[in-house]
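Asks: Next come the chains, spelled out residue by residue.
Protein chains: 2
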Amino acid sequence: MTDLRHIRALLFDVFGSVVDWRSSITRDLTAWGLANGTTADWEAFARDWRSHYQSNLEEVRSGRRPFTLLDTLHREALNVLLEKYGIHDLSEHQKDHVNRVWHRLDAWPDSVPGLLRLKAHFTIAPLSNGNVSLLNNMAKHAALPWDLNLSTQWFKAYKPMPETYLGAVQALGLEPEQVMMCAAHNDDLKAAQEVGLKTAFWPRPTEYGLDQNKDMKPTEPWHIVAKDIRDLADQLIG
Amino acid sequence: MTDLRHIRALLFDVFGSVVDWRSSITRDLTAWGLANGTTADWEAFARDWRSHYQSNLEEVRSGRRPFTLLDTLHREALNVLLEKYGIHDLSEHQKDHVNRVWHRLDAWPDSVPGLLRLKAHFTIAPLSNGNVSLLNNMAKHAALPWDLNLSTQWFKAYKPMPETYLGAVQALGLEPEQVMMCAAHNDDLKAAQEVGLKTAFWPRPTEYGLDQNKDMKPTEPWHIVAKDIRDLADQLIG
Chain B
1 MTDLRHIRAL
11 LFDVFGSVVD
21 WRSSITRDLT
31 AWGLANGTTA
41 DWEAFARDWR
51 SHYQSNLEEV
61 RSGRRPFTLL
71 DTLHREALNV
81 LLEKYGIHDL
91 SEHQKDHVNR
101 VWHRLDAWPD
111 SVPGLLRLKA
121 HFTIAPLSNG
131 NVSLLNNMAK
141 HAALPWDLNL
151 STQWFKAYKP
161 MPETYLGAVQ
171 ALGLEPEQVM
181 MCAAHNDDLK
191 AAQEVGLKTA
201 FWPRPTEYGL
211 DQNKDMKPTE
221 PWHIVAKDIR
231 DLADQLIG
Chain C
1 MTDLRHIRAL
11 LFDVFGSVVD
21 WRSSITRDLT
31 AWGLANGTTA
41 DWEAFARDWR
51 SHYQSNLEEV
61 RSGRRPFTLL
71 DTLHREALNV
81 LLEKYGIHDL
91 SEHQKDHVNR
101 VWHRLDAWPD
111 SVPGLLRLKA
121 HFTIAPLSNG
131 NVSLLNNMAK
141 HAALPWDLNL
151 STQWFKAYKP
161 MPETYLGAVQ
171 ALGLEPEQVM
181 MCAAHNDDLK
191 AAQEVGLKTA
201 FWPRPTEYGL
211 DQNKDMKPTE
221 PWHIVAKDIR
231 DLADQLIG
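Order-wise, the sequence lines are chains B and C.
In terms of the numbering used here, the first sequence opens at residue 1 and continues consecutively.
In terms of the numbering used here, the second sequence opens at residue 1 and continues consecutively.
Take the hints with a grain of salt, since some may be wrong.
Chain copies aren't distinguished; within one or between two, either way the pair holds.
Stated by the list, open to error - No farther apart than 25 Å at their CA atoms in a straight line, the calculated lysine to any residue pairs in the SDA-like style are these:
#1 K140 / W154
#2 K84 / T26
#3 K190 / D28
#4 K214 / L4
#5 K156 / Y85
#6 K156 / L174
#7 K140 / P113
#8 K156 / L166
#9 K140 / G238
#10 K119 / D41
#11 K190 / L4
#12 K95 / R8
#13 K140 / Q178
#14 K119 / T219
#15 K119 / E58
#16 K140 / D110
#17 K214 / T68
Please keep in mind that the hints were generated in silico from the structure rather than gathered at the bench.
Here the structure is a predicted model, which means the values were calculated and not measured.
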């Protein structure tokens with residue numbers, strides 16, 4: 001087994017790994033829609049939104065577009081989706097509120113108990129493509145007890161670009177092998193491992209819905225494979 | 001009285017305002033010196049170190065030198081001081097340990113209780129010239145319950161340069177009038193006020209020692225003048 005005694009900091013992927021974006025958005029927008037007379041299949045809407053965001057991100061990662069905040073990318077995708085779902089009567093204020101649903105995501109049930117235990121032994125931080133204010137508002141909303149906010153906004157780059165992982169390691173004043181990337185997404189871990197970080201995986205088999213077929217299990221022998229974040233704490237702390 | 005209902009985030013100066021660097025360094029290095037056979041007037045040493053740091057910072061602020069981490073500026077000043085105090089026999093490892101005393105500073109007694117109360121109502125963050133890892137290690141050491149770490153390192157600038165205050169406001173996704181700079185130093189507050197932030201002051205009359213003659217009281221009608229951080233919480237939350 002790899003020696004994990006030198007680990008000082010744990011970096012967490014957030015969307016899907018720590019928070020359940022699909023259920024949270026569905027709940028939030030269903031309630032908002034009922035109060036505002038707007039009906040839609042909000043779960044399909046949430047999934048559609050998430051997939052638009054990925055292609056928008058790729059524009060930035062490829063260098064075809066300068067660094068742009070995730071809030072802005074979400075808002076651009078929202079405009080497309082409102083059209084697609086035939087929702088035409090929202091004010092700018094309402095669109096802003098809907099867009100900020102990404103700031104109001106709830107944690108999976110094991111996330112806060114697991115993070116609180118880990119925080120007593122390690123520095124814990126999100127390393128997420130969410131912008132600084134998004135991650136901060138989400139942390140206040142969901143009581144995520146981060147030590148610091150390592151949005152990739154600080155590095156003007158998006159995961160899985162190597163400068164995000166290495167930027168976080170450098171900001172913490174550590175070496176890559178002292179830092180563990182923790183995520184429910186194999187591709188995130190692969191990119192982190194390629195620049196020398198340790199890795200921990202747990203599955204979120206309902207992240208995308210009941211028809212999910214990606215990230216159901218680890219695709220590589222990551223340093224830790226856990227059931228969830230509570231189990232990650234059990235394995236790291238004992 | 002100014003309307004403070006729109007305030008969403010509180011930014012704190014750290015050295016002197018939240019932590020007592022003079023007493024902490026004196027305690028830490030006295031104990032370290034006893035264990036390592038090195039004697040010195042550690043309180044004079046701490047004060048000297050702090051004043052060297054200010055002139056090193058000015059080199060960066062003036063543009064005569066590119067942005068350099070505070071850890072590096074502290075280390076350069078330490079080398080000068082070790083010479084001055086006749087301490088010649090330290091290993092590199094020992095010098096590193098001594099330099100990182102700035103990561104091990106203790107809070108004034110009111111800081112943690114006040115910050116914990118404020119955190120329930122506002123986003124709270126250090127806005128400090130300490131580098132990210134320094135502020136993170138200090139927060140872990142002293143149990144400072146920051147929501148996020150707004151080291152001026154993120155902005156590659158040092159207070160009181162305006163881009164530090166405005167960079168923090170922008171990262172939080174807020175307007176300057178929604179953010180309050182909180183400090184025991186009038187010059188820090190003045191610079192924050194000049195770019196539109198709200199201001200809160202409390203004195204730390206023994207920060208520099210019994211002969212202190214600066215920042216004993218507010219020099220301007222700041223939005224809040226408090227006795228300490230606990231009193232700041234009383235005034236902001238009631």
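Asks: Does each hint hold? Answer for all of them.
Replies: Verification of the supplied hints:
1. K140 / W154: both (20 Å within a copy, 21 Å between copies)
2. K84 / T26: Within one copy only: 17 Å inside, 65 Å across.
3. K190 / D28: neither (33 Å within a copy, 42 Å between copies)
4. K214 / L4: neither (28 Å within a copy, 48 Å between copies)
5. K156 / Y85: neither (32 Å within a copy, 44 Å between copies)
6. K156 / L174: both (20 Å within a copy, 19 Å between copies)
7. K140 / P113: Both. Shortest intra-copy (15 Å) and inter-copy (19 Å) distances satisfy the 25 Å Cα cut-off.
8. K156 / L166: Result: close both inside a copy and across copies, 13 Å intra and 17 Å inter.
9. K140 / G238: between (28 Å within a copy, 21 Å between copies)
10. K119 / D41: neither (38 Å within a copy, 37 Å between copies)
11. K190 / L4: within (18 Å within a copy, 47 Å between copies)
12. K95 / R8: between (41 Å within a copy, 22 Å between copies)
13. K140 / Q178: Classified as between; 17 Å across copies, 28 Å inside a copy.
14. K119 / T219: For K119 and T219, the Cα distance exceeds 25 Å both inside one copy (27 Å) and across copies (40 Å).
15. K119 / E58: The answer is neither: 33 Å in one copy and 36 Å across copies each exceed 25 Å.
16. K140 / D110: both (17 Å within a copy, 23 Å between copies)
17. K214 / T68: neither (27 Å within a copy, 44 Å between copies)
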